[in-house]
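Chemist: Here is what each chain is made of, one letter per residue.
Number of protein chains: 2
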Amino acid sequence: MSTGLYLFEKTTDLTHHLGKGMPIYPGDPSPSFENYSTIRKDGVNLTKIIMGSHTGTHLDAPRHFIQDGIGIDRIPPDKLIGEAYVADLSKKPIGSGITSKDLKPELEEKIVRDDIVVIYTGCSEHWGEASINRDYTYLTGDAADYLVSKSVRAVGIDFLSVEKFKAPEPVAHKILLANGIFIIESLSRALKQFVGERILMICMPIKLQDGDGAPSRVVAVPIRED
Amino acid sequence: MSTGLYLFEKTTDLTHHLGKGMPIYPGDPSPSFENYSTIRKDGVNLTKIIMGSHTGTHLDAPRHFIQDGIGIDRIPPDKLIGEAYVADLSKKPIGSGITSKDLKPELEEKIVRDDIVVIYTGCSEHWGEASINRDYTYLTGDAADYLVSKSVRAVGIDFLSVEKFKAPEPVAHKILLANGIFIIESLSRALKQFVGERILMICMPIKLQDGDGAPSRVVAVPIRED
Numbered sequence: 001m002s003t004g005l006y007l008f009e010k011t012t013d014l015t016h017h018l019g020k021g022m023p024i025y026p027g028d029p030s031p032s033f034e035n036y037s038t039i040r041k042d043g044v045n046l047t048k049i050i051m052g053s054h055t056g057t058h059l060d061a062p063r064h065f066i067q068d069g070i071g072i073d074r075i076p077p078d079k080l081i082g083e084a085y086v087a088d089l090s091k092k093p094i095g096s097g098i099t100s101k102d103l104k105p106e107l108e109e110k111i112v113r114d115d116i117v118v119i120y121t122g123c124s125e126h127w128g129e130a131s132i133n134r135d136y137t138y139l140t141g142d143a144a145d146y147l148v149s150k151s152v153r154a155v156g157i158d159f160l161s162v163e164k165f166k167a168p169e170p171v172a173h174k175i176l177l178a179n180g181i182f183i184i185e186s187l188s189r190a191l192k193q194f195v196g197e198r199i200l201m202i203c204m205p206i207k208l209q210d211g212d213g214a215p216s217r218v219v220a221v222p223i224r225e226d
Numbered sequence: 001m002s003t004g005l006y007l008f009e010k011t012t013d014l015t016h017h018l019g020k021g022m023p024i025y026p027g028d029p030s031p032s033f034e035n036y037s038t039i040r041k042d043g044v045n046l047t048k049i050i051m052g053s054h055t056g057t058h059l060d061a062p063r064h065f066i067q068d069g070i071g072i073d074r075i076p077p078d079k080l081i082g083e084a085y086v087a088d089l090s091k092k093p094i095g096s097g098i099t100s101k102d103l104k105p106e107l108e109e110k111i112v113r114d115d116i117v118v119i120y121t122g123c124s125e126h127w128g129e130a131s132i133n134r135d136y137t138y139l140t141g142d143a144a145d146y147l148v149s150k151s152v153r154a155v156g157i158d159f160l161s162v163e164k165f166k167a168p169e170p171v172a173h174k175i176l177l178a179n180g181i182f183i184i185e186s187l188s189r190a191l192k193q194f195v196g197e198r199i200l201m202i203c204m205p206i207k208l209q210d211g212d213g214a215p216s217r218v219v220a221v222p223i224r225e226d
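Top line first, the protein sequences correspond to chains H and X. Take the first sequence: its position 31, counting from 1, is numbered 31 in the working numbering, and each next residue is one higher. Take the second sequence: its position 226, counting from 1, is numbered 226 in the working numbering, and each next residue is one higher.
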């Protein structure tokens, strides 16, 4: 498989571990991963998982904020695999809002219709530091409008949410989701190595029936340069 | 992306829905997917998920049955994407054990080292019928030994387990997992369309820290025939 366009042998994980003490969006269900049976006692290891639909690296479906929006299980499987461009917005101070004016010079010559656009804010460097969970870099409504105008397929970000923390009106989510653009949140700091590059991105949510979102495995596959 | 070796635009889901009333392996944690908040009441849809690590379509890691085996998070990401051969064993009566003698004529000229081998038993046609949950087609230890001898990467099957129901000794699991061969269980009936064919298989478990297994999204990508 090393002769194709995509270098599957160099697949890189962009996903956070699901485990005890992991950061979550404040107010979300507390995750728990407990031994349900063990080899020592029962001959087999099994785990009971409790978590929210937006725990860890995850996708948001339109149904997250749109009453009649589709669920995570209804995103067509071929849309979960696609080329992405990773934009470096880490020059924006942590906690600030990214605007269309910030995005244009980074994206205008780089993206094409149906691309996945992934925003590296640098907040992922602080994953696990509680102070940032309420003060991370986010997208303004105006940035979301710009992404809609570019007909992107999906938008990814390397922290808990694309939205300003506890925004009275979740404008970025609503604008993207109402336009059928799914959202990938809490990508790991491994994203950094791909800034300014195109990758093949595989974004695989568990298939939660009518789910508003779902924990996902997300990986990057480098593209061969000719 | 339609010009490559793999036809991503024809990606087919092999994953069961996670939802109310779904079949589980008898004795596993009861899954539950409840509204944690709703747009109507709270302005946002969020779900609280409770499930086992082997609920729905999932992967088994060595740690499932091997005390010092690796967890699901330590399977290298590039091993989760690979070419698979789908073998038709549906001629075996439901509830019987598949032996090396059954596998050899189906696989001998078809597979190469590091392939994913996927067994279509036909049991997936009966997903949701309670009577079959304790009487499905399985792999014998001798079949597992044969697959080890062929140095396969992973073994998939279209029902709850590769193991005879409540086998006193889980030989198939132990032989495969002790040899670092991960297992893909509860693939959906969508598998049937690929019997006798090679596909690119993308098997993406959620990244459960030290997990014995994990619910997964699994898809098939057709390979272009030249």
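Derived by calculation from the structure, the hints in this document are not laboratory data. Don't take every hint at face value.
It does not matter which identical chain is used: a pair holds within one copy or between any two.
[As the list claims (entries may be wrong)] Distance condition first, Cα-Cα at most 25 angstroms in a straight line; then the derived DSS-like pairs of lysine-lysine:
(1) 110 - 150
(2) 48 - 20
(3) 174 - 10
(4) 79 - 110
(5) 79 - 10
(6) 48 - 166
(7) 192 - 48
(8) 41 - 79
(9) 174 - 20
(10) 79 - 192
(11) 166 - 79
(12) 41 - 110
(13) 104 - 10
(14) 104 - 41
(15) 166 - 91
Model, not experiment: these values are computed from the prediction.
Chemist: For every hint, state whether the structure bears it out.
Modeler: Going through the hints against the structure:
Taking the shortest Cα distances, residue 110 and residue 150 sit within 25 angstroms of each other inside one copy (11 angstroms), while across copies they are farther apart (45 angstroms). Taking identical chains as interchangeable, the C-alpha atoms of residue 48 and residue 20 lie at most 25 angstroms apart whether they share a chain (13 angstroms) or sit on different chains (17 angstroms). For the identical chains of this complex, residue 174 and residue 10 are neighbours neither inside a copy (35 angstroms) nor across copies (29 angstroms), given an alpha-carbon limit of 25 angstroms. For a Cα distance limit of 25 angstroms, the shortest separation of residue 79 from residue 110 inside one copy, 20 angstroms, qualifies, whereas the shortest one across copies, 30 angstroms, does not.
In the homo-oligomer, the alpha carbons of residue 79 and residue 10 lie at most 25 angstroms apart both inside one protomer (22 angstroms) and across protomers (10 angstroms), since each shortest distance falls under that limit. Taking the closest pair of Cα atoms, residue 48 and residue 166 come within 25 angstroms of each other only across two copies (20 angstroms); inside a single copy the shortest separation is 30 angstroms, beyond that limit. In this homomeric assembly, residue 192 and residue 48 never come within 25 angstroms of each other (Cα to Cα): the closest approach is 33 angstroms inside a single copy and 31 angstroms across copies. Taking identical chains as interchangeable, the C-alpha atoms of residue 41 and residue 79 are never at most 25 angstroms apart, the minima being 43 angstroms within one chain and 31 angstroms between chains.
Neither within a single protomer nor between protomers do residue 174 and residue 20 lie at most 25 angstroms apart by alpha-carbon distance, with minima of 31 angstroms and 28 angstroms respectively. In this assembly of identical chains, the alpha carbons of residue 79 and residue 192 lie at most 25 angstroms apart whether taken from the same copy (23 angstroms) or from different copies (22 angstroms). Taking identical chains as interchangeable, the C-alpha atoms of residue 166 and residue 79 are never at most 25 angstroms apart, the minima being 29 angstroms within one chain and 39 angstroms between chains. Taking the shortest alpha-carbon separations for residue 41 and residue 110, neither the intra-copy value of 56 angstroms nor the inter-copy value of 41 angstroms comes in at or below 25 angstroms.
In this assembly of identical chains, residue 104 and residue 10 lie within 25 angstroms of each other by CA distance neither inside one copy nor across copies; the values are 30 angstroms within and 32 angstroms between. In this assembly of identical chains, the alpha carbons of residue 104 and residue 41 never lie at most 25 angstroms apart, being 59 angstroms within a copy and 37 angstroms across copies at closest. In this homomeric assembly, residue 166 and residue 91 come within 25 angstroms of each other (Cα to Cα) only inside a single copy, at 23 angstroms, whereas the closest approach across copies is 57 angstroms.
Comparing the model with each numbered hint stated earlier shows that hints 3, 7, 8, 9, 11, 12, 13, 14 do not hold.
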